[in-house]
Amino acid sequence: MAEGDPSTDMASATRIVGWQHPWIAYLSSAPAMIIVAVVLAFPVLFAAVQSLYDISPLSQESPFIGFGNYIDVFSEPSFWSSLWRTGIFVFGVIALGLTLSIIFAFALNRVVSGLRFIRGLAILPYIVSSVAAALMFRTMFNSEFGFPNQVLEFMGFGAVPWLSNGVYAMIVVIIAQVWTDLPLALLFILGGLQTIDDQLTEAALVDGATGLRSAIYISIPLIAPQITLATVWLSFKAVTSLGTVLALTGGGPGEATQLLTLEMVRLGFDEYETGTAMALVIIIFVLNAALTLFYLGLQRKFGTK
Amino acid sequence: MGEVNFRNVMKRFDDGTVAVNDLNFDIEEGEFLVLVGPSGCGKSTSLRMVAGLEAISGGEILIDGEAVNGLTPRERDIAMVFQTYALYPHMTVEQNMGFPLRMAGVSADEKAKRVRAAASVLDLEVLLNRYPRELSGGQRQRVAMGRAIVREPRVFLMDEPLSNLDAKLRVQMRGEIARLQRELGTTTLYVTHDQVEAMTLGDRVAVMHDGILQQLAPPGELYKSPETVFVAGFIGSPPMNLCRATIVEEGGGLAAKFGTFSLSVDPSSIEKYPLVRERIGKDVVLGTRPECFSIATEELPENKHIVAKVDMVEMLGAEALVYLPTDAEQIDSSMTFGNGAARKVASADVQHLSLVARIAPKTVPSHGETVSLGYEADSMHFFDIETGHALR
Amino acid sequence: MSVTHTSPNTTMTSLRRRSPPWYRKWLGGPLRQAMVWLPLAALVLWTMGPFLISLSVSFKQPAQVFADPGIIPAEPTLDAYARVIDRPGFQKALWNSIVIAFGSLILTLIVGVPAAYAFARFRFRGRHLLLLFSLLPMLAPKVGLMFPLFLLAVELGAFDSRLFLIFVFTGMLLPLAVWLLVGFFQAIPRELEEAAAVDGATQFATIRTVILPLAIPALITVAVLAFREAWNEFELVLALTQTADSRTLPYELFLMQDATGIADYPIQNAFALLTIVPLVLVYLRIERYVAEGLLSGAVK
Ligand SMILES: Nc1ncnc2c1ncn2[C@@H]1O[C@H](COP(=O)(O)OP(=O)(O)O)[C@@H](O)[C@H]1O
Ligand SMILES: [Mg+2]
Numbered sequence: 001m002a003e004g005d006p007s008t009d010m011a012s013a014t015r016i017v018g019w020q021h022p023w024i025a026y027l028s029s030a031p032a033m034i035i036v037a038v039v040l041a042f043p044v045l046f047a048a049v050q051s052l053y054d055i056s057p058l059s060q061e062s063p064f065i066g067f068g069n070y071i072d073v074f075s076e077p078s079f080w081s082s083l084w085r086t087g088i089f090v091f092g093v094i095a096l097g098l099t100l101s102i103i104f105a106f107a108l109n110r111v112v113s114g115l116r117f118i119r120g121l122a123i124l125p126y127i128v129s130s131v132a133a134a135l136m137f138r139t140m141f142n143s144e145f146g147f148p149n150q151v152l153e154f155m156g157f158g159a160v161p162w163l164s165n166g167v168y169a170m171i172v173v174i175i176a177q178v179w180t181d182l183p184l185a186l187l188f189i190l191g192g193l194q195t196i197d198d199q200l201t202e203a204a205l206v207d208g209a210t211g212l213r214s215a216i217y218i219s220i221p222l223i224a225p226q227i228t229l230a231t232v233w234l235s236f237k238a239v240t241s242l243g244t245v246l247a248l249t250g251g252g253p254g255e256a257t258q259l260l261t262l263e264m265v266r267l268g269f270d271e272y273e274t275g276t277a278m279a280l281v282i283i284i285f286v287l288n289a290a291l292t293l294f295y296l297g298l299q300r301k302f303g304t305k
Numbered sequence: 001m002g003e004v005n006f007r008n009v010m011k012r013f014d015d016g017t018v019a020v021n022d023l024n025f026d027i028e029e030g031e032f033l034v035l036v037g038p039s040g041c042g043k044s045t046s047l048r049m050v051a052g053l054e055a056i057s058g059g060e061i062l063i064d065g066e067a068v069n070g071l072t073p074r075e076r077d078i079a080m081v082f083q084t085y086a087l088y089p090h091m092t093v094e095q096n097m098g099f100p101l102r103m104a105g106v107s108a109d110e111k112a113k114r115v116r117a118a119a120s121v122l123d124l125e126v127l128l129n130r131y132p133r134e135l136s137g138g139q140r141q142r143v144a145m146g147r148a149i150v151r152e153p154r155v156f157l158m159d160e161p162l163s164n165l166d167a168k169l170r171v172q173m174r175g176e177i178a179r180l181q182r183e184l185g186t187t188t189l190y191v192t193h194d195q196v197e198a199m200t201l202g203d204r205v206a207v208m209h210d211g212i213l214q215q216l217a218p219p220g221e222l223y224k225s226p227e228t229v230f231v232a233g234f235i236g237s238p239p240m241n242l243c244r245a246t247i248v249e250e251g252g253g254l255a256a257k258f259g260t261f262s263l264s265v266d267p268s269s270i271e272k273y274p275l276v277r278e279r280i281g282k283d284v285v286l287g288t289r290p291e292c293f294s295i296a297t298e299e300l301p302e303n304k305h306i307v308a309k310v311d312m313v314e315m316l317g318a319e320a321l322v323y324l325p326t327d328a329e330q331i332d333s334s335m336t337f338g339n340g341a342a343r344k345v346a347s348a349d350v351q352h353l354s355l356v357a358r359i360a361p362k363t364v365p366s367h368g369e370t371v372s373l374g375y376e377a378d379s380m381h382f383f384d385i386e387t388g389h390a391l392r
Numbered sequence: 001m002s003v004t005h006t007s008p009n010t011t012m013t014s015l016r017r018r019s020p021p022w023y024r025k026w027l028g029g030p031l032r033q034a035m036v037w038l039p040l041a042a043l044v045l046w047t048m049g050p051f052l053i054s055l056s057v058s059f060k061q062p063a064q065v066f067a068d069p070g071i072i073p074a075e076p077t078l079d080a081y082a083r084v085i086d087r088p089g090f091q092k093a094l095w096n097s098i099v100i101a102f103g104s105l106i107l108t109l110i111v112g113v114p115a116a117y118a119f120a121r122f123r124f125r126g127r128h129l130l131l132l133f134s135l136l137p138m139l140a141p142k143v144g145l146m147f148p149l150f151l152l153a154v155e156l157g158a159f160d161s162r163l164f165l166i167f168v169f170t171g172m173l174l175p176l177a178v179w180l181l182v183g184f185f186q187a188i189p190r191e192l193e194e195a196a197a198v199d200g201a202t203q204f205a206t207i208r209t210v211i212l213p214l215a216i217p218a219l220i221t222v223a224v225l226a227f228r229e230a231w232n233e234f235e236l237v238l239a240l241t242q243t244a245d246s247r248t249l250p251y252e253l254f255l256m257q258d259a260t261g262i263a264d265y266p267i268q269n270a271f272a273l274l275t276i277v278p279l280v281l282v283y284l285r286i287e288r289y290v291a292e293g294l295l296s297g298a299v300k
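Chains as they are written, first to last, in my numbering: chain A, 1 to 305; chain B, 1 to 392; chain C, 1 to 300.
Hints may contain errors.
List time: in silico SDA-like cross-link candidates among lysine to any residue, alpha-carbon distance up to 25 Å [claimed, not checked]:
no., chain 1, residue 1, chain 2, residue 2
1, A, K301, C, L139
2, B, K111, C, P213
3, B, K304, B, T387
4, B, K111, C, F59
FYI, nobody ran anything at the bench for these hints, they're computed from the structure.
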């Protein structure tokens, strides 16, 4: 994906005599390696191992039970319903996120230099924490004084119970999630558009394609890699989203927005079902990896590059 | 201070490329030695091994009698001017020039004094507070020189320092480098692919080809008596005419037959290339300099001139180049000799020599005219066709 | 394009030149303009809308929020901000956020720079780990790390400790930081390093006097990204802290929701906006670095 991938570029290695002692390299990279190993790698292995044991607050012993925890998880109806909700959530985030980022990116790509600050504005949500964003959206979608309902009322429609109705709550959660994660998706696609040779789209215009057609037939296939990247990013953020949903709906109303991640928190932190929570952690890892591979596969199959 | 010796130096890169092979030569104290050769022949690699920017794979490099193979560049006490100048972009001219002194722990006062001295030598005083990006190419080049001279190193190393300048500046800087080196008397190893630079700058010139040292000699000697076919073809402009010739006995003397042409070999040439005598009836490489031809104004005896039709004329003002097609087999000086490379090529692949003559413009013939060219009898060159070495 | 327009004795181009389709005029003029301006307006509204509404609510009294739903408050007041700032929880969390964000930023740079230099310039076994190293955050999303890290913290006695948070945040940031820095170090011409070497600099002096000064843009980018990450992090703070002594602003904000009840919208929004202010101030100065860092960092 990356151009000039630093990990494959050996040409930059120094050849200065006396400056290649491997132990300097080991010493200077060791702290970073160790910290990352402890914080990122170890927990994965730890979770994988723990998920094979029956660890719960009720018993003193924690016997090895193989895939018992996974079987437990899979036999819980609440797992399947939260998986289903996660599916809807992820799909919604990708659909809305891609649509918006493509439309906005096309518009930004045309922006004249005096309006460059709009690009700066577009990145602003990136610096807002998930909790703050959730709060802002909770205010905005308040059914009594919230802006959307004011607009609906102004147009003569009734008030929508945004956060107390399960379906609407899911929509709000999706919108809030897209709002926080759109900047990067937008930058990816904008970056892709900026690499397209103007002559291509001009040629299309001369050939009679309207702007919209040239976008669909020329530009979008050319930026398939960036669209894939944006998809991977949006999907990754949605599958692993916790803060936004927790602070916005807390999984409610009822269980309408109870995603897998919230389920994991409930099992681990509220019910101390360590073994099952760890199994869920591993399932989230695998789901995330599988989805990423899936998008990359799609791109390989249908993409241009 | 500042003697450099190469002892069987070899460089093999990680990918197996042998860039320099069995290099042996000495740079004397205070000498200006130029390493010249075509691109990719291993010049930079040789220089960088002296600097410690490239490990030495085999043999030894000595500076003042001490093997430096394992020393870091810092421990070698050398200075280098890079082709791209490698000025530190975030430092002013003064800071750039003072950097080596700063690294040597020289006091601030002393540093300022020495930077100023170097700046005045190079006419850089008014630029001291500028950043490299605010300088012209020529100014940058001078700053790079300044950075090299402030620390009074044992050896200067320069890797094509003039190749990023335009032609006029290059000539000017060439003179300046020569002057500086004379004044400072610092041993200098200078790398270039430009033979004019090499010939004008070097006390001695080392010609390299394919990682192998071909000849090391003062410029005049390189021109007068090249050791190998490569040197013969590389030094001189336009290059020497090189072709396959057969030595025959004729009228008590020797003659070189090439294609349908024949020139008698003057005894003075035989004196310079005594082994020619042993090649009677055999093939050799014959070299003739374009500038040794002249239009014959009177009838010359057979074997003292060649007669051919003019193919093309290039007027250069003070002189003209005249091209004459021949049926002699051309020898490519850049091919690798030895291991039978110059065996008889299949007749279909033979490249015929287009003989070049450099003559005074007054006597220039026109295209298609048949001319008779005389040749300075004592400046013929002979080389072994198998090894490419001079026949002496 | 459309074959239906061609008549036997005219070529497509000449026909088009003579009689452009009726919608042409619209496409070239107002409609085309609208196709650029409408999305741009939508983008601005989409991005700024939530901020503006939040800002509006934060300037109201709690009761006014319902009584005066307009965007421009009838009687603007800074009351909510005063109440946020007065809260001990806010002050403590602000201090914790500052300590932890700067701590993570500094530790990330101190640990990341040498590692990046090693990856960029040395040939050593383990160098090929760089890609895996950089991909780890993608493979091991932090939501999955919460629980294992929580158990680890409890085991180590590091639960509810600011130092452990700094350590964990540094671990989260290092892959991106190292990746960015490696790319940047590699882009610095090797000749500069070689020049420094022949000028008598040691390897360490070269890094200090040549490499790092040239890498300042990359260092700023990394610092900003690190600061943002640590400042905004919620999930891991939720998992690894318990008391006000160590929790940061996002967690405090999250808890305040429950504490203040549904009604007090102004104080919540004031709080939320106050947590954003420092980043906006930084961001306005160096938006370029952020955008570049974001892009180069994410494309891995
Ligand atoms: N790092 C390297 N790895 C492999 N081969 C190299 C490397 N650097 C140079 N070479 C090869 O070594 C030979 C000599 O290179 P160099 O000394 O740079 O030539 P010159 O300076 O005479 O043009 C060339 O064939 C070049 O391709
Ligand atoms: Mg070179």
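query: Against the structure shown, which of the earlier numbered hints fail to hold, in ascending order?
result: Violated: hints 3 and 4.
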